[in-house]
Each structure stands twice: as structure tokens, then as C-alpha cells.
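Undergrad: Given next are the chains, with one letter for each unit.
Protein chains: 2
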Amino acid sequence: MEIPYKIYLSEEELPRQWYNVRADMKTKPAPLLNPGTGQPVTLEEMSQIFCTELARQELDNDTPYIDIPKEILDFYRMYRPSPLVRAYFLEKALGTPAKIYYKFEGNNTSGSHKLNSAIAQAYYAKQQGLKGVTTEPGAGQWGTALSMACAYFDLDCRVFMVKCSYEQKPFRREVMRTYGANVTPSPSETTEVGRKILAEFPGTTGSLGCAISEAVEAAVSTEGYRYVLGSVLSQVLLHQSVIGLETMAACDKYGIVPDVIIGCAGGGSNLGGLISPFMGRKLRGEADYQIVAVEPASCPSLTRGRYAYDFCDTGKVCPLAKMYTLGSGFIPSPNHAGGLRYHGMSSVLSELYDEGLMEARSVEQTAVFEAATQFARIEGTLPAPESSHAIRAAIDEALRCKETGEEKTILFGLTGTGYFDMVAYQKFNDGQMSDYIPTDDELAAGFDKLPKV
Amino acid sequence: MEIPYKIYLSEEELPRQWYNVRADMKTKPAPLLNPGTGQPVTLEEMSQIFCTELARQELDNDTPYIDIPKEILDFYRMYRPSPLVRAYFLEKALGTPAKIYYKFEGNNTSGSHKLNSAIAQAYYAKQQGLKGVTTEPGAGQWGTALSMACAYFDLDCRVFMVKCSYEQKPFRREVMRTYGANVTPSPSETTEVGRKILAEFPGTTGSLGCAISEAVEAAVSTEGYRYVLGSVLSQVLLHQSVIGLETMAACDKYGIVPDVIIGCAGGGSNLGGLISPFMGRKLRGEADYQIVAVEPASCPSLTRGRYAYDFCDTGKVCPLAKMYTLGSGFIPSPNHAGGLRYHGMSSVLSELYDEGLMEARSVEQTAVFEAATQFARIEGTLPAPESSHAIRAAIDEALRCKETGEEKTILFGLTGTGYFDMVAYQKFNDGQMSDYIPTDDELAAGFDKLPKV
Chain A
13 MEIPYKIYLS
23 EEELPRQWYN
33 VRADMKTKPA
43 PLLNPGTGQP
53 VTLEEMSQIF
63 CTELARQELD
73 NDTPYIDIPK
83 EILDFYRMYR
93 PSPLVRAYFL
103 EKALGTPAKI
113 YYKFEGNNTS
123 GSHKLNSAIA
133 QAYYAKQQGL
143 KGVTTEPGAG
153 QWGTALSMAC
163 AYFDLDCRVF
173 MVKCSYEQKP
183 FRREVMRTYG
193 ANVTPSPSET
203 TEVGRKILAE
213 FPGTTGSLGC
223 AISEAVEAAV
233 STEGYRYVLG
243 SVLSQVLLHQ
253 SVIGLETMAA
263 CDKYGIVPDV
273 IIGCAGGGSN
283 LGGLISPFMG
293 RKLRGEADYQ
303 IVAVEPASCP
313 SLTRGRYAYD
323 FCDTGKVCPL
333 AKMYTLGSGF
343 IPSPNHAGGL
353 RYHGMSSVLS
363 ELYDEGLMEA
373 RSVEQTAVFE
383 AATQFARIEG
393 TLPAPESSHA
403 IRAAIDEALR
413 CKETGEEKTI
423 LFGLTGTGYF
433 DMVAYQKFND
443 GQMSDYIPTD
453 DELAAGFDKL
463 PKV
Chain B
13 MEIPYKIYLS
23 EEELPRQWYN
33 VRADMKTKPA
43 PLLNPGTGQP
53 VTLEEMSQIF
63 CTELARQELD
73 NDTPYIDIPK
83 EILDFYRMYR
93 PSPLVRAYFL
103 EKALGTPAKI
113 YYKFEGNNTS
123 GSHKLNSAIA
133 QAYYAKQQGL
143 KGVTTEPGAG
153 QWGTALSMAC
163 AYFDLDCRVF
173 MVKCSYEQKP
183 FRREVMRTYG
193 ANVTPSPSET
203 TEVGRKILAE
213 FPGTTGSLGC
223 AISEAVEAAV
233 STEGYRYVLG
243 SVLSQVLLHQ
253 SVIGLETMAA
263 CDKYGIVPDV
273 IIGCAGGGSN
283 LGGLISPFMG
293 RKLRGEADYQ
303 IVAVEPASCP
313 SLTRGRYAYD
323 FCDTGKVCPL
333 AKMYTLGSGF
343 IPSPNHAGGL
353 RYHGMSSVLS
363 ELYDEGLMEA
373 RSVEQTAVFE
383 AATQFARIEG
393 TLPAPESSHA
403 IRAAIDEALR
413 CKETGEEKTI
423 LFGLTGTGYF
433 DMVAYQKFND
443 GQMSDYIPTD
453 DELAAGFDKL
463 PKV
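Line order of the protein sequences matches chains A and B. Be aware that the first sequence starts at 13, since it is given in the working numbering, and climbs by one per residue. Be aware that the second sequence starts at 13, since it is given in the working numbering, and climbs by one per residue.
Since the hints were made in silico from the structure, they are not lab data. Since this is a predicted model, take the numbers as computed values, not measurements. A couple of the hints might just be wrong.
[Unchecked claim] 25 angstroms max Cα-Cα, derived DMTMM-like pairs, lysine to aspartate or glutamate:
id, chain 1, residue 1, chain 2, residue 2
1, A, Lys18, B, Glu212
2, B, Lys181, A, Asp442
3, A, Lys439, B, Asp168
4, A, Lys18, B, Asp168
5, B, Lys265, A, Glu14
6, B, Lys265, A, Asp72
7, A, Lys104, B, Glu23
8, A, Lys82, A, Asp72
9, B, Lys181, A, Asp86
10, B, Lys175, B, Glu212
11, A, Lys104, B, Asp442
12, A, Lys111, B, Glu83
13, B, Lys175, A, Asp86
14, A, Lys181, B, Asp442
15, A, Lys265, B, Asp79
16, A, Lys175, B, Asp442
17, B, Lys420, A, Asp442
18, A, Lys265, A, Asp86
19, A, Lys104, B, Glu212
20, A, Lys104, A, Asp442
[As the list claims (entries may be wrong)] If you want a taste of the chain B side facing chain A, the calculated C-beta under 8 angstroms gives, among others:
id, residue
21, Pro16
22, Tyr17
23, Met160
24, Ala163
25, Thr190
26, Phe213
27, Gly215
28, Tyr431
29, Met434
[What the hints assert, rightly or not] One-sided excerpt, in silico: chain B residues whose CB lies under 7 angstroms from chain A:
id, residue
30, Glu24
31, Gln60
32, Thr64
33, Arg89
34, Asn119
35, Gly141
36, Arg189
37, Tyr191
38, Asn194
39, Asp264
40, Tyr266
No residue lacks a Cβ here, since even glycine has one placed at the ideal position from N, Cα and C.
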């Protein structure tokens, strides 16, 4: 069967269940702990912050397949299946004998894979009869995705956006507002923690930690609201498994067997989703794949972090998770562009990495933007800075194949588009982009502050 | 056969020829005239400004089908076929018995259909052995598309961008630069006309007319360069016929027979492309369709313009075309957001409209953004302001069907996404958007200045 440039599964071939990789893991990810008691969090405790069904998914290490509700399948039809693209043009330009494929998640208005979990989280909130959800938008893709999902289910969406992002990323903010979200610059006067910080630091432009704290406070203190999060959590990996399931179905249909699977990794939502079913086969001994996480050298949680219990948020209000971490106080250098700035890594991926079932590499941002620009010019699509970490690693791998003559099949996740990241591209175009690698001493300072459990 | 939410043709089903609707027109569009002699322009004259093969296509009123070169077909595979989407969610939200389909051209980095012609024009420039092309980027989609096409064929791309857009739309500019384009704020010191205007008006932020004049001067005065244009020209409609051909193939495959075909119209590139093959059937008496052009009430060339010879550019350096026009000096009110600000309309569409083979409607921008926001929230995709003119008309038609109970099939062109138009959306979100309709006196002043031929 000839392989088309872009493989779109038909509607009948689309996955109808998510795959929970935890079910096939011999050693399960360590449980989340209540930061007050040091004991594993219960469903009841989690349900105060998260929707009950999502809390249940968070704690479910055993069910391998979970039905995707019909309402979510309907929404997926708006923008799924996403194409699995054969990078014929890139292969030719590199002169590599390798075959390169990428799963492209950017063909929707949120511009990334984040929508896969946003719609699921909004659905369960609606099912529970909630009025709305709160969040902080990260680099902006999650906030946009959640706004779209909430508009679809007619839910309130309250976004606490770090004040400097609110001002410096007005277009992301306006997309969210267009979808009806209530976007508040953080710190704000609307929460106790916000008022306290404003009183103490009147001119502050905010921080991620503060925005999360405000969003969580707004959720737990407002009747009918819960907090939602777009990465790190195991429930998010579950929803994102739709990426990997579609990819695997397309590969199986056309007899494509990836040797190397590459994904960028911040909190792990994309990488975890892409690799889940492949990792499942690996865990069950049915197949083997080299799996590579790519992270920024400026925020190297897997390659240079500690595998330890840590707070998931800088504000220390969420449960403790065992994960590869740089410490919850770690903030990447201001020269760092784009997302992938999270201090830790999904507990699921951390455990798989710790067991040697996947590898990790770090790349510097100038090299990432070189790859991004090369990819844009050759393959057409302008990639998100996050996705471009995977592009960098895929190109490097293809160039290694050119040297060795190996005809490897390389698969990577192209998580999204860079249309709202032009400030970073401008820096690169102007030759103003620089690299930064934290010193061992800087990292050690973060490790010293890890909680003792 | 059940109709999927999104219809993607397979690669074998994709068109391999463009369709030239002029071949089936009994009355051909009036010839372009040399502004100096008043005589029809010759191939030789046109070839001084445009690539020779493109000039040939411009003058070809007879060949119905023209092979799409293999290199262009290859590039089309990067982002084509575009999906024909059944707007199930919108139909449901409106409660209409009408069936609504849209052909979505926004799934590529240029964000619109403009890439279909950009790649063709770049290809013929490359074939001719040229070094590069010059242009002015309009609302930005054309400039982005051309940058992408030139990067692919390794051609220089010189973009003269109106200075105020250069400063106010930095992200569009950076996308072009990322694809290797040389973007110059206009007026500039690099051309004679630019220097002259700067000397006369030192602080000017430029105009479309000046940018075109600079681009044309740079093309004709630089060895190995030609000028290219993303709309209005008949060659552009030819290339854009790929939209209509794909749509028709998908409709025929699934037995979809549109009653009404709706497209937004600025210079006519999208509308002309979408309707060409349908109009062909209509002209040959094989089928009948109601065809509707939708234009902004602030720039109403079809609904309130004159059918007369006029300059294609404000700078009066290009040939004269017979078309519906508001006069080449017409500039839409500054409150006008987005594109569709061209003073005239494709000669082909003007002739078809004049013969009563298609209709035209104008819509006000507040109503357009209402439709855009409604569509975004219901169908997911954030539409370009230009495309949203068609959405407005399609929704209005569907609501009429709700009143009458008619089960019409409505097809419209969704030309692109609005990711680079958030300034306009912000205005709308803030309740700061207003409407403007030019008075009869204002229009009359423009008609008085039409050239006498």
C-alpha cells in the first residue's frame, strides 16, 4: 500500500477508548500525597479541588481502557483525526535514508494538543453540574483550549493569567475572551492570596505560582467551581492517549514500524499521550521502541533533576507528587522562550524514565529555533517553540542516520503551531536569542528545598 | 453513503488541472488596457511586469483546463486537500432545516487560500530563471503565503509593507521574515518613488498605493525580478479554482448538491476560485446554483460600484481593467477591520455579476464579528474577518430557511483563520467596534475620477 503524504484515519477508524498506560506498568507511579498529612490523597480530598470523575481517573492505576464519552467523541470530530504526516520534503532536504513521520496536533484554534484534555475536563465538569472551572493558562495554549471547551459546553471559564503575560501576550488573551472566558491578570483583587500579594508587592507583575494559587482559591471558595490543569496529571496523559492511539492505528494500517519515537516534554502531556499505546506494547513485551523525551537545556527536569516527592505548584497548595523535579521554586531563566518551563515531570513518565524504559535529551534554544525555521521553510508549517524541541531531536537523529546509512523510521510529535510565539521568533530572526544552562549550584539550591517526606 | 463531519479527498481524487472559467463565458471579460496607449496590453508588455507564463495565463480566455505542474502538485500535498466540513454543530445551534457546508482553507501557516496562487506564481518565476519577486502584502495573508512559496523554491521575496502595518502588525512581518522574506517598510529609501514621497511627506506612515508602486518599481528596475499579486487577476482565479474543483469532487462523491454558494469578496480570489467549476456547469447549462458574493458595506464595489475601466492600483502603474470599482483612490474608512479593502473586483467576476449570473450582498462589520464569534464558539475555528463575511451571509440564509422551512443546502468558503487579527477581535470584545457606510456623495467623488477610455 502506498503511503500518502498525510494519513487521515476515517471516522470509523478513530479510537473510542482512551488507553491508561498505568494499567500495564509493573511498578505504578507513586501515589500523590496530601501535603498536610503526608498520606496518599483520597478520592474525597481530591474531589474538593478537581471534578470527581477526573479525580477518579487520576487515582485509577488499573483500568487499561476507558470509554470516551459520546459528547467528547462528537467534539473530537471537529478537529480530529489529526494527520500523521510523512516528512518527504524534510527527508529529501536532509539527504537522509531515514523515514520521518510526525503526528500534527496544531490544526485547531488552540493551536496544540491541549484541546484533547480540555474538552474532556470541561465535559466532566458539566456532567457534575458545575457552573465553571478555573485555571491558569501556562504558555497560553492550555488557556485557549479550555476557553474553547468551556464555550462548547456553556461553562464559565475563569483564567488567572500572570500579569506580565496578560500584558505581553494580548492576542492569546483576546482569543480566550472571544471564546467567552473571563481573563483576570494575576495577582488580582478577586482572591485573598491575590490581595495579600498586592499589599506586600504593590507593583508586581505576578508569577506562575501566584496565578495557580489564585485559580485554586477561586475554585475551592466558589460554589460550583473546580480547578483544572492541562499537564503533569495522570488524567491528562489518559486523555492525550488519543494522540498515540490514532498514530498507532495509522502506523498499523500502513505497516509503519517506528524505531524511534520522539516528543517534547514540559509536564509530559504531549509525550505521554503520544507514547502511551506504544509504551503499552513495550511493557507487555509485544514490541520495542526507542522512546526519547526532549526538554530545554534551561529547564532540564529529566536530564538533571531529582526523582523525589515535590510540590506540583509553586504555591504549594496542590498534592505532592513523586517525579523528576528541579524543585517547585525553580523558574527558568528569563531568556527562555515558549513553554516547557515546568519544574517537574508527570509521575507516570518519571517512573518509566527511572526504569530505563525511555530516554531523555536536552537541547538549547538557539538550536531549537534553527530547527524550527528549517522545518517551517521545508515542510510549510511554522511550529511552536515547544514542538520544535522534538523537531531538533528528529533532525539530529536523521542526520546521524545519514552518517551511518541506517534506514530508521523516526516518529515525532508536532504538538502545535507557533502563530502566537512571534516575539520569540523575532528575537531569533534579529540574532538576539541566547542560550542559558543552569549551573549545578543553581540546581542544588532547588534540590535543597525539596520537601522531606 | 453517510456524510462524514469532514470530507477529505484521497490523493488520487485531487484535481490535476486548474479550470479556467473564462473558456465557458460567452462574453469574455474585457481586455486589460495599456494605460499609456489605451490599447489592449500585449503579452510582451505584460511580461515586463509579470512572469511570462503568468502573463500568458492572464491573457488566455480560451483554454478550459490547464495542467497543474508536478512541482505545484507536490507542494499542494503539504496542505491540500482542504476539508469540506459539514457544519452539524452550527445547524443544530441555529435550529435550521438547512444543511450547511464549508470549504476550509485555513489549515496552513499562511492561514488562508492565498497559498494556492502564491506557490503557482513562485513556481513560474523559478521556471523562468528569475532571482526573485516583489509584492505588497495586503492584509498580510498574501505576503505570508508568498514568503512560504519563495522559501520552498529558494527565490528572493521582497515585500513592501505599508509602514503603519509594518509597525502595527509585527507578527505578520515576523512570519514573513521567518520564511526568509525581505520586508521593507514603505515608503522606503530603496526606490525612487519611495524617496520622492519621503522627501515630500517626511513623517508619512505610507499607503497601499505607494507600497504597490514601490514593489512594481523594484521589480521592473531589478534584473531578474518580477511583480506578483495575490488577487484580482484572472491568473489568480485560475490557480484558486483548485478550491472549487476539490469542493465539487467532494460534493459529487457524496451526492451533495448546493443550492446556494456563498463567498466573501475583496478582489475576488477566493470567491472566484470556489465558484469557478460550479459557474462552469451553470454557463454550460448543466446545473443551476444561486451564487452570492459578500462584501463589506464599507467597501461595496459590487453592490454600489460602477462597471467601468479603472486602474488596478492606486499608483496607476498597472494596466487598466474593466471591473466593478469604487475608483482607484477609494480607501475604506479607518474603522474597517481586516482585508476586503480593495477598490475593485476581478474582471471575471465583474462580468459574471453584470450578466446576472451571480448576486452580491454587503454586510456591516459589527454583524460580521457577531457571526465570527458565534461560529468560533460553536464550530471551534476562529475565522478570519474576511471569511466571516461569508459566515454572516450563510447564517442569515440558514435562519431564513428556519422561517420558511426550506431544507436548502448552503455551501460557503471559509477562507482562513483570524489568529493575526486579534486587534480587531479585541475591539469587538471591548464593544469598541463601529460600522461605517460611505455616503453616495463620497462614492460619487471616486466615480468622477475614473479614467476616460
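Undergrad: Could you run down the list of hints and mark each one as holding or not?
TA: Hints versus structure:
1. For a cut-off of 25 angstroms, the pair hint linking Lys18/A to Glu212/B is broken: about 53 angstroms separates their Cα positions.
2. Restraint check for Lys181/B and Asp442/A: satisfied, since their Cα atoms lie roughly 17 angstroms apart, inside the 25 angstroms limit.
3. For a cut-off of 25 angstroms, the pair hint linking Lys439/A to Asp168/B stands: about 22 angstroms separates their Cα positions.
4. With a C-alpha separation of about 29 angstroms, the suggested pair Lys18/A and Asp168/B falls outside the 25 angstroms cut-off, and the hint is violated.
5. Among the hinted pairs, Lys265/B with Glu14/A is consistent with the structure: their alpha-carbon atoms are about 22 angstroms apart, no more than 25 angstroms.
6. Under the criterion of a C-alpha separation no larger than 25 angstroms, the hint pairing Lys265/B with Asp72/A is inconsistent with the structure, at around 45 angstroms.
7. Pair hint Lys104/A plus Glu23/B holds up; C-alpha atoms about 20 angstroms apart against a cutoff of 25 angstroms.
8. With a CA separation close to 21 angstroms, the supplied pair Lys82/A and Asp72/A stays within the 25 angstroms bound.
9. Proximity of Lys181/B to Asp86/A is assessed by CA-CA distance (about 36 angstroms); at most 25 angstroms being required, the pair is judged violated.
10. Proximity of Lys175/B to Glu212/B is assessed by CA-CA distance (about 16 angstroms); at most 25 angstroms being required, the pair is judged to hold.
11. A distance of roughly 48 angstroms separates the Cα atoms of Lys104/A and Asp442/B; the hinted pair therefore is violated under the 25 angstroms criterion.
12. A threshold of 25 angstroms between alpha carbons decides the hint, and for Lys111/A with Glu83/B the separation of about 21 angstroms falls inside it, so the pair holds.
13. About 45 angstroms separates the Cα atoms of Lys175/B and Asp86/A, which puts this hinted pair outside 25 angstroms; it is violated.
14. For the hint pairing Lys181/A with Asp442/B, the CA-to-CA distance comes to about 17 angstroms; that is within 25 angstroms, so the pair holds.
15. At most 25 angstroms may separate the alpha-carbon atoms for a hinted pair to count; Lys265/A and Asp79/B exceed this at roughly 33 angstroms.
16. Between Lys175/A and Asp442/B, the direct Cα distance comes to roughly 19 angstroms. Compliance with the 25 angstroms bound is thereby established for this hinted pair.
17. Note on Lys420/B and Asp442/A: the hinted pairing is violated, with a Cα-Cα distance of about 53 angstroms set against a maximum of 25 angstroms.
18. Straight-line distance between C-alpha atoms of Lys265/A and Asp86/A comes to about 23 angstroms, which keeps the hinted pair within the 25 angstroms bound.
19. At roughly 51 angstroms between alpha-carbon atoms, Lys104/A and Glu212/B are farther apart than 25 angstroms, so this suggested pair is violated.
20. Restraint check for Lys104/A and Asp442/A: the C-alpha separation of about 28 angstroms exceeds 25 angstroms, so the hint is violated.
21. Taking 8 angstroms as the C-beta cut-off, the interface hint given for Pro16/B holds, the closest approach to chain A being about 5 angstroms.
22. Taken as an interface hint, Tyr17/B checks out: its beta carbon lies about 4 angstroms from the nearest beta carbon of chain A, inside 8 angstroms.
23. At its closest, the beta carbon of Met160/B sits 6 angstroms from a beta carbon of chain A; the interface hint therefore holds under the 8 angstroms criterion.
24. With its C-beta approaching chain A no nearer than about 4 angstroms, Ala163/B sits inside the 8 angstroms limit, and its interface hint holds.
25. About 5 angstroms separates the beta-carbon of Thr190/B from the nearest beta-carbon of chain A, less than 8 angstroms, and the hint is met.
26. A least Cβ separation of about 28 angstroms between Phe213/B and chain A goes past the 8 angstroms threshold, and the interface hint is therefore violated.
27. Of the supplied interface hints, the one on Gly215/B is violated, with its beta-carbon coming no nearer than about 25 angstroms to a beta-carbon of chain A, more than 8 angstroms.
28. A distance limit of 8 angstroms between C-beta atoms decides the matter here; for Tyr431/B the minimum to chain A is near 5 angstroms, and the interface restraint holds.
29. The closest approach between the C-beta of Met434/B and any C-beta of chain A is roughly 4 angstroms, which is under the 8 angstroms cut-off, so the hint is satisfied.
30. Taken as an interface hint, Glu24/B does not check out: its beta carbon lies about 9 angstroms from the nearest beta carbon of chain A, beyond 7 angstroms.
31. Hint status for Gln60/B: violated, given a least beta-carbon distance of 30 angstroms to chain A, over 7 angstroms.
32. Checking Thr64/B against chain A: minimum C-beta separation of about 27 angstroms lies over 7 angstroms; hint violated.
33. With a least beta-carbon distance of about 4 angstroms to chain A, the hint placing Arg89/B at the interface is held under the 7 angstroms criterion.
34. Interface hint status for Asn119/B: upheld, as the beta-carbon distance to the closest one in chain A is roughly 5 angstroms, under 7 angstroms.
35. A distance limit of 7 angstroms between C-beta atoms decides the matter here; for Gly141/B the minimum to chain A is near 21 angstroms, and the interface restraint is violated.
36. Restraint check, Arg189/B versus chain A: the minimum CB separation of about 5 angstroms is within 7 angstroms; hint holds.
37. Annotation: Tyr191/B was flagged as interfacial toward chain A, and the flag holds, the nearest CB pair being 6 angstroms apart, inside 7 angstroms.
38. At its closest, the beta carbon of Asn194/B sits 12 angstroms from a beta carbon of chain A; the interface hint therefore is violated under the 7 angstroms criterion.
39. At its closest, the beta carbon of Asp264/B sits 19 angstroms from a beta carbon of chain A; the interface hint therefore is violated under the 7 angstroms criterion.
40. Nearest Cβ of chain A to the Cβ of Tyr266/B: about 13 angstroms, over the 7 angstroms cut. The hint is violated.
Going through the hint list in order, the structure does not satisfy hints 1, 4, 6, 9, 11, 13, 15, 17, 19, 20, 26, 27, 30, 31, 32, 35, 38, 39, 40.
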